[in-house]
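*Asks:* Below, each chain spelled out in residue letters.
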Amino acid sequence: MTDAALADELPFPPRADYLRAGSTLLSWLATTDHKRIAILYALTITVFFFMGGAAITAVRVELFVPNGWFLSSDTYNRLFSFHGIIMVWFFLVPSIPNTFGNFLLPLMIGAPDVAFPRLNLFSWYLTLVGGIFAVYTLVAGGVDTGWTFYTPFSTMFSNTHVLTAAAAVFVVGFASIATGVNFIATTHMLRAPGMTWFRLPMFVWSIYATSIVMVLATPVLAISLMLVIAERWLGLPIFDPARGGDPILFQHLFWFYSHPAVYIMVLPAMGVVSEIIPCFARRRLFGYDFMVYAIVAIAGIGFFVWGHHMFVSGQSPYASLIFSFLSFVIAVPSAIKVFNWTASLYRGQISFNSPMLYALGFVGLFTTGGLSGLFLASIPIDVHVTDTYFVVAHFHYIMVGGSVSAFFGALHFWWPKITGKMYPESWAQFAAITMYFGFNMTFLPQFVAGYLGMPRRYHTYPAEFQVYNVMSSAGAAVLAAAYLLPLMYLTWSLFHGLRASGNPWGATGLEWTTTSPPPPHNFDIQPLVDRPPYQYHAEGQSAGTDSPEVQNARSLR
Amino acid sequence: MNAIFTLPEASTQAVRVDGILAVLVIVSALTLALVFGLIVTFAIRYRRGSDAKRGPLPEIVNREFEVGWTAATFFLFAFLFWWAASADVGALTAPARALEVHVLAKQWMWKTQHANGAREIDELHVPIGRPVRLVMTSQDVIHSFFVPAFRIKQDVVPGRNTETWFQATKLGVFPLFCAEYCGTNHSAMRGRITVMREDEYARWLSAQPEGDDLAHVGAKLFVSEGCSGCHAASSGVHAPKLEGLYGRTVQLSDGRQVRADDAYIRDSMLQPKRDIVAGFEPIMPSFAGLLDDGEIQSLTAYIRSLGQEQGHD
Numbered sequence: 001m002t003d004a005a006l007a008d009e010l011p012f013p014p015r016a017d018y019l020r021a022g023s024t025l026l027s028w029l030a031t032t033d034h035k036r037i038a039i040l041y042a043l044t045i046t047v048f049f050f051m052g053g054a055a056i057t058a059v060r061v062e063l064f065v066p067n068g069w070f071l072s073s074d075t076y077n078r079l080f081s082f083h084g085i086i087m088v089w090f091f092l093v094p095s096i097p098n099t100f101g102n103f104l105l106p107l108m109i110g111a112p113d114v115a116f117p118r119l120n121l122f123s124w125y126l127t128l129v130g131g132i133f134a135v136y137t138l139v140a141g142g143v144d145t146g147w148t149f150y151t152p153f154s155t156m157f158s159n160t161h162v163l164t165a166a167a168a169v170f171v172v173g174f175a176s177i178a179t180g181v182n183f184i185a186t187t188h189m190l191r192a193p194g195m196t197w198f199r200l201p202m203f204v205w206s207i208y209a210t211s212i213v214m215v216l217a218t219p220v221l222a223i224s225l226m227l228v229i230a231e232r233w234l235g236l237p238i239f240d241p242a243r244g245g246d247p248i249l250f251q252h253l254f255w256f257y258s259h260p261a262v263y264i265m266v267l268p269a270m271g272v273v274s275e276i277i278p279c280f281a282r283r284r285l286f287g288y289d290f291m292v293y294a295i296v297a298i299a300g301i302g303f304f305v306w307g308h309h310m311f312v313s314g315q316s317p318y319a320s321l322i323f324s325f326l327s328f329v330i331a332v333p334s335a336i337k338v339f340n341w342t343a344s345l346y347r348g349q350i351s352f353n354s355p356m357l358y359a360l361g362f363v364g365l366f367t368t369g370g371l372s373g374l375f376l377a378s379i380p381i382d383v384h385v386t387d388t389y390f391v392v393a394h395f396h397y398i399m400v401g402g403s404v405s406a407f408f409g410a411l412h413f414w415w416p417k418i419t420g421k422m423y424p425e426s427w428a429q430f431a432a433i434t435m436y437f438g439f440n441m442t443f444l445p446q447f448v449a450g451y452l453g454m455p456r457r458y459h460t461y462p463a464e465f466q467v468y469n470v471m472s473s474a475g476a477a478v479l480a481a482a483y484l485l486p487l488m489y490l491t492w493s494l495f496h497g498l499r500a501s502g503n504p505w506g507a508t509g510l511e512w513t514t515t516s517p518p519p520p521h522n523f524d525i526q527p528l529v530d531r532p533p534y535q536y537h538a539e540g541q542s543a544g545t546d547s548p549e550v551q552n553a554r555s556l557r
Numbered sequence: 001m002n003a004i005f006t007l008p009e010a011s012t013q014a015v016r017v018d019g020i021l022a023v024l025v026i027v028s029a030l031t032l033a034l035v036f037g038l039i040v041t042f043a044i045r046y047r048r049g050s051d052a053k054r055g056p057l058p059e060i061v062n063r064e065f066e067v068g069w070t071a072a073t074f075f076l077f078a079f080l081f082w083w084a085a086s087a088d089v090g091a092l093t094a095p096a097r098a099l100e101v102h103v104l105a106k107q108w109m110w111k112t113q114h115a116n117g118a119r120e121i122d123e124l125h126v127p128i129g130r131p132v133r134l135v136m137t138s139q140d141v142i143h144s145f146f147v148p149a150f151r152i153k154q155d156v157v158p159g160r161n162t163e164t165w166f167q168a169t170k171l172g173v174f175p176l177f178c179a180e181y182c183g184t185n186h187s188a189m190r191g192r193i194t195v196m197r198e199d200e201y202a203r204w205l206s207a208q209p210e211g212d213d214l215a216h217v218g219a220k221l222f223v224s225e226g227c228s229g230c231h232a233a234s235s236g237v238h239a240p241k242l243e244g245l246y247g248r249t250v251q252l253s254d255g256r257q258v259r260a261d262d263a264y265i266r267d268s269m270l271q272p273k274r275d276i277v278a279g280f281e282p283i284m285p286s287f288a289g290l291l292d293d294g295e296i297q298s299l300t301a302y303i304r305s306l307g308q309e310q311g312h313d
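Chains A and B are the protein sequences, given in the same order.
First residue of the first sequence: 1, per our numbering; consecutive thereafter.
First residue of the second sequence: 1, per our numbering; consecutive thereafter.
Bear in mind the hints are in silico, worked out from the structure with no lab data behind them.
Among the hints, a few may not be true.
Claimed, not checked - Computed beta-carbon distance windows for the label pairs:
#1 B:288 <-> A:128: 31 to 37 Å
#2 B:209 <-> A:132: 55 to 61 Å
#3 A:198 <-> B:55: 24 to 30 Å
#4 B:29 <-> A:491: 38 to 44 Å
#5 A:434 <-> B:67: 38 to 44 Å
#6 A:528 <-> B:55: 29 to 35 Å
#7 A:491 <-> B:172: 54 to 60 Å
#8 A:300 <-> B:97: 45 to 51 Å
#9 A:304 <-> B:281: 23 to 29 Å
Note that the structure is a prediction, hence the values are computed from the model and not measured.
We put the CB at the ideal spot given by N, CA and C, even for glycine.
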């Protein structure tokens, strides 16, 4: 018997959940409820996701033929730059942390809200301001530097709107920092009684580690962009070699942020998958403590591998050797996580609801992307394939195959909790499978094209690469359709979906002990915690054949 | 020249890179087979409601198991690192006696110049079987010299020289790409490398329009730009002599020692106040903005030729 059902049977009228606690526009725009802010973020990044997607759709259509057929080179360059800037800073970085992190972190640790609710709202407004700069950049004519803003091209040679684009990223970076500070404070200060560090769900650990990376790395991004603005706008000699500057300095600064940023994008995804797999396998997460150490190790070592983006830049070959070694080292904790997720399936009671399909898809695609990372960590191979489509395929496997899959997994897993409605399962399974195959059709050929030497950011290309580009573009069409499906059936479910119970998946975790959707302050009674997470069965046993009610009785109180 | 599904192995480095690639592909394929195999097996065998055995976990699934595969993964990766790194270290420096070619990149073309002064645009002719050392700089933004068939790539950076080298092992024409995004026509910044037999190369080179070699151009610049006013042996100004300078270790006034290589000579022309040679006054003006990259390459070649003559004496 769930809480939601209980509430319905009680003699007094049901109290309003967070969605119905206020219905004016102001009650949303001035809210300090972490759950409502999560919804604001979700709407914002959905808009950006489809904007970035539209840009790359035009690029993929253009690449059907070797010499282009409807875009100029300048337009092409602006489109892929816009795609990169939007997808990295306005979708991937805020995606899981700012929507699901915001929504779930307080719920998972048994808190009524985040530590600084107004700062939380402020960070959404910062994202909005950054977004306005980004959209202005697009409307005014775009920027053609790529998302990497490499100097001296960005500071002295590009004739496009570099300043507003840099301002957009600069501002949205502070949204990241504010969110990171908030989540760190929340995790430290607001855990429910009994919620010790090693009883935290993996999702909380991943958000915590991500927040630390955000707070430490993002200021360096701000510095790099500030220097670009200073040289381009004020003419200060910083990267211009003719005046004693060093263009490579920018790359060091930029990658010192942007490599850890990869972990900002993928650690939360790992957290999501670590929640979903145990639930649908009805198993304890295999090696919980190792999973925690792995996340902390990835977040830490992630700060010391930035130079592997610069093996051909002219940096010292000895520095390259060290960066190469550390890049291999950081692959170890990632591999451990893959093994542990796989081992969590062993002797489970596995069901294949759409969140599980996304999670298993994540493991497969992340493994493929991670293994291709070994190629890039090997200097002689990297020299050949860096700046080719091999790299494009590699990071899309991690960020799209990995993070976006996990994002959709999280969206389906927590959709009942967030909206109080169930989505149509068959449609969701169909979309998950389509997305998996569409993704592989798009990006698998790019590994080959890259190894054969097709450089990235090429508007026109030699005819021998056409077959791979046609495959990619065809796959992209499938992928685009798969991304549009959830938009439709999830929206449908808001109005016509079945009402969700408090814990439709029979999952452990405090967020499932409250109603769906939760009340404004999350819990009617202060939760107490007296056990580690993922108690789907007794210690040393394997998946229970218990009914969900029995399991719930064990995992909830 | 490329076929659709294969890339020619046209240099000594290409063979090395493809060897490492093959091993990584095998390791990855085995790992993927293991992970996908386990996921699919578990997914089928332990699907909800199947009658596969559950119950207590076997003894083997414990902490030591976890430590074991962590260590195994680490050692595998450490081995891969060592192997790939040693191939890299082996290819770091060009063999002595390598043919030297100067490359100047600009939006959006490649200019190459052979040691005898012959110039090409978006083309480079090289002999088979001889190491070729490329000394490269850019006139504007960062470009990257990428020859897939040779498996070489090196960013070409404004304000400094970068180097790479190759030894071609196959005759033919191979594409050259710019691999670092450099603006509007980045994708049109392509060229061709033609690998010829040694005798054909010699014939081709001698058939090129007469151009002074770099050192001769440099010697003229040395006078016309006024360098000789101070640095010539006959000058009355107290300035460092350049004969035999190239490759030597120079004692600086602040106690540091530097090797007089291309980068040092370049810096000394553009930022003469940075490294003052011990015993001299910082009186040299900067030539930044007065010399373009091609002229700096020529002057450097001239100074190097002074050193070589000294060596022969």
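*Asks:* With reference to the structure, classify each hint as holding or not holding.
*Replies:* Checked hints:
1. B:288 <-> A:128: 31 to 37 Å: Taking Cβ atoms as reference, residue 288 of chain B and residue 128 of chain A lie about 45 Å apart, which means the hint is violated.
2. B:209 <-> A:132: 55 to 61 Å: holds, 57 Å
3. A:198 <-> B:55: 24 to 30 Å: holds, 27 Å
4. B:29 <-> A:491: 38 to 44 Å: Because 41 Å falls inside the window, the suggested range holds.
5. A:434 <-> B:67: 38 to 44 Å: Holds, at about 40 Å.
6. A:528 <-> B:55: 29 to 35 Å: holds, 31 Å
7. A:491 <-> B:172: 54 to 60 Å: holds, 57 Å
8. A:300 <-> B:97: 45 to 51 Å: holds, 47 Å
9. A:304 <-> B:281: 23 to 29 Å: Taking Cβ atoms as reference, residue 304 of chain A and residue 281 of chain B lie about 44 Å apart, which means the hint is violated.
Of the hints listed earlier, those the structure fails to meet are numbers 1, 9, in rising order.
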